[in-house]
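Spelled out, the chains give:
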Amino acid sequence: MTSRCPNCGSACEGSPKFCTHCGGRLGEPSPSPYEAPAVAHLTSATSMVDRAAPSGAGSMERLQCRWCDGQNPTQATTCQMCGAPLDVRDVVSDSGWREAPRLRDMTEFKFSTSTCQVEGDVVPVAEINLGTGDSVFFEHHVLLWKDDKVGLGVMALSGGIKRVLAGMPFVISVATGPGRIAFSRDQTGELVVLPLHPGMELDVREHAFLLGSQHIDYSFVQIKGLRNILFGGQGMFMDRFVTRGQSGLVILHGYGNVLERRLKAGESVILEPGAFLYKDSSVTMNVETQPLTTGWFGGVSMNLARMTGPGRVGIQSMYVHHATS
Amino acid sequence: MSRYTCAWCSAQSDGTQPACPACGAQVDVRAVVSESGWTEMPPRLDMARIQLGRSSCQIEGKYVPVADLNLADGDGVYFAHHVLLWMDPTVKISVMKMAGAWKRMFAGMPLIMTQAHGPGHVAFSVDAAGEMIALPLQQGQSVDVREHMFVVATHSVAYEWFASNVWYTTGSGDDTETHYPVGMFVDRFHAKDGPGLLLLHTSGNVFVRNLAPGESILVKPGALCFKDPSVNMLLHFEYPSTPLMSWFGMSWANRYLWLRLVGPGRVAVRSAFETPEDPATSVSSSSYSTQHHW
Chain A
1 MTSRCPNCGS ACEGSPKFCT HCGGRLGEPS PSPYEAPAVA HLTSATSMVD
51 RAAPSGAGSM ERLQCRWCDG QNPTQATTCQ MCGAPLDVRD VVSDSGWREA
101 PRLRDMTEFK FSTSTCQVEG DVVPVAEINL GTGDSVFFEH HVLLWKDDKV
151 GLGVMALSGG IKRVLAGMPF VISVATGPGR IAFSRDQTGE LVVLPLHPGM
201 ELDVREHAFL LGSQHIDYSF VQIKGLRNIL FGGQGMFMDR FVTRGQSGLV
251 ILHGYGNVLE RRLKAGESVI LEPGAFLYKD SSVTMNVETQ PLTTGWFGGV
301 SMNLARMTGP GRVGIQSMYV HHATS
Chain B
326 MSRYTCAWCS AQSDGTQPAC PACGAQVDVR AVVSESGWTE MPPRLDMARI
376 QLGRSSCQIE GKYVPVADLN LADGDGVYFA HHVLLWMDPT VKISVMKMAG
426 AWKRMFAGMP LIMTQAHGPG HVAFSVDAAG EMIALPLQQG QSVDVREHMF
476 VVATHSVAYE WFASNVWYTT GSGDDTETHY PVGMFVDRFH AKDGPGLLLL
526 HTSGNVFVRN LAPGESILVK PGALCFKDPS VNMLLHFEYP STPLMSWFGM
576 SWANRYLWLR LVGPGRVAVR SAFETPEDPA TSVSSSSYST QHHW
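Protein chains in written order, with my numbering: chain A, 1 to 325; chain B, 326 to 619.
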């Protein structure tokens with residue numbers, strides 16, 4: 001009897017469970033690590049009418065970004081809202097982790113009346129060309145350069161003493177256009193562009209955000225539970241970004257490579273706490289201690305964070321490892 | 326039927342897959358070999374999949390790669406606990422028993438080795454930019470690895486360690502300092518129960534070379550990644566000609582410290598490494614070494 005591998009097409013003698021050529025499971029196709037970008041078919045009844053469409057066309061095609069769900073013209077090669085390449089397939093592991101889109105050098109995208117250009121790929125720079133009256137907020141240590149005319153101010157924040165005690169920046173700076181201003185962080189990594197739509201809440205590891213746009217409310221939430229504070233690797237607080245009435249943009253910098261996974265309701269994944277980068281506020285985080293005993297030498301305890309859905313979880317592959325206790 | 330032989334791990338496959346199923350190396354590129362005989366580690370496709378019997382491994386990412394293992398029920402791997410990135414709740418972790426805990430502790434090696442058992446996914450990464458090296462080991466094959474480079478290995482690969490016997494001392498009396506340019510110990514991985522996979526992490530680029538019997542090469546001690554056990558290593562001191570310093574009896578202050586690797590066998594070096602501290606004082610004693618005065 002010969003089985004045909006659905007993954008590589010090879011013929012396998014006998015009835016093995018796995019392909020003798022590629023190792024793929026026989027009887028069910030191996031998931032491709034690549035998912036094609038979705039093309040959203042919108043009718044002319046929607047507000048998204050492409051006026052450049054041929055006359056008489058009853059429907060039109062728009063290209064939907066699989067990273068941020070932004071709608072783009074079919075000829076676009078990068079998403080206008082987040083800069084993700086639209087002409088390459090998504091890279092998804094067998095386990096469901098999806099790589100953050102690798103932004104092309106000099107990719108440009110828009111928010112409000114401003115634009116952002118991403119420069120470089122090892123330690124990328126986010127260069128913002130602020131429109132008049134537009135503003136972005138940031139922690140001052142990520143500032144790289146700016147035009148003279150870009151105004152700088154400070155965001156009014158409550159809980160200043162708590163922030164100082166927790167090691168968070170005492171002030172959040174605000175830059176107001178017109179003019180150009182650029183940001184980068186101090187390590188090899190990736191920029192993660194996260195457009196936030198009304199009603200979205202995003203929790204981010206402290207010091208990991210590069211900038212946020214003006215329509216986003218910035219606050220911080222206290223991590224609940226002493227164990228979570230002591231062993232969770234986040235400190236006492238996480239940054240929280242909430243949209244007001246309008247969409248906004250948050251750009252993060254993850255160390256190493258950034259991977260994202262969508263957890264279903266009740267689904268869990270266990271993380272090294274230092275790997276956590278961001279999550280939807282609907283995802284819960286609880287630190288669990290794994291004892292590792294070594295007989296005469298006592299042993300150590302490994303603290304791991306259980307993330308439970310529903311929602312997105314983002315991790316960074318070059319993480320801050322926290323010593324075992 | 327035509328067969329494809331991987332330039333990196335020599336595994337045979339039909340070549341129809343974009344990556345070698347044994348090590349994940351890209352198959353549609355030629356081996357890049359320098360005129361001096363060093364073979365560059367082949368590029369790895371993002372999401373390259375390596376098959377390990379019923380389990381599999383995917384290597385994800387470009388700057389700080391992640392090794393994502395899908396362990397079948399009953400399959401296991403072991404690792405130093407600080408490289409664990411994430412895991413499914415179904416994966417069970419425990420401690421692997423190891424002998425020589427005192428020596429390991431004094432040598433700065435991880436005191437415990439952690440093991441994970443399937444079913445489920447478990448992923449590993451090292452908190453530094455670099456490259457993930459996949460070394461498939463055939464049954465009976467061994468490899469010696471510089472300490473702190475190990476990421477994860479399948480249970481069919483046995484883990485041992487031995488004294489490097491590469492050392493020298495400087496100073497005298499109470500001021501005597503002993504230096505271990507390749508570490509006090511070397512990890513040895515041996516596939517005794519069947520084929521297995523070993524994953525290492527290193528910074529910079531990795532180059533491999535096969536030394537003929539008796540052939541030797543000098544490398545900087547910090548550059549050594551791994552070698553076949555048949556390759557011997559010893560220290561080599563080289564003293565350049567420094568007439569002015571010789572007049573003052575200080576010719577020892579300007580020396581080059583090398584690691585001499587003698588074949589037969591495979592050796593691998595990395596292009597980014599830390600230079601071991603070498604105080605500018607005379608060498609009072611050393612393990613077996615050679616030297617040359619110019």
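Among the hints, a few may not be true.
[Said to hold, decoys possible] Taking lysine-lysine and the DSSO-like style, the derived pairs with C-alpha atoms no more than 30 Å apart in a straight line are:
1. K422(B) <-> K264(A)
2. K387(B) <-> K422(B)
3. K417(B) <-> K545(B)
4. K149(A) <-> K110(A)
5. K146(A) <-> K110(A)
6. K264(A) <-> K517(B)
7. K422(B) <-> K110(A)
8. K417(B) <-> K517(B)
9. K422(B) <-> K545(B)
What the hints contain is simulated information worked out from the structure, not anything from laboratory work.
In this text the structure is predicted, and so the values were computed from the model without any measurement.
Hints, one by one, checked against the model:
1. K422(B) <-> K264(A): violated (37 Å)
2. K387(B) <-> K422(B): Between K387(B) and K422(B) the Cα gap is close to 34 Å, so the pair fails against 30 Å, i.e. violated.
3. K417(B) <-> K545(B): Distance ~41 Å between K417(B) and K545(B) Cα, so the pair is violated.
4. K149(A) <-> K110(A): It holds: about 21 Å lies between the C-alpha atoms, which stays within 30 Å.
5. K146(A) <-> K110(A): holds (19 Å)
6. K264(A) <-> K517(B): Judged against 30 Å, a Cα distance of about 42 Å means the pair is violated.
7. K422(B) <-> K110(A): violated (56 Å)
8. K417(B) <-> K517(B): holds (24 Å)
9. K422(B) <-> K545(B): The given pair, whose Cα atoms are some 34 Å apart, is violated under the 30 Å limit.
Hints 1, 2, 3, 6, 7 and 9 from the list above are not met by this structure, while the remaining hints are.
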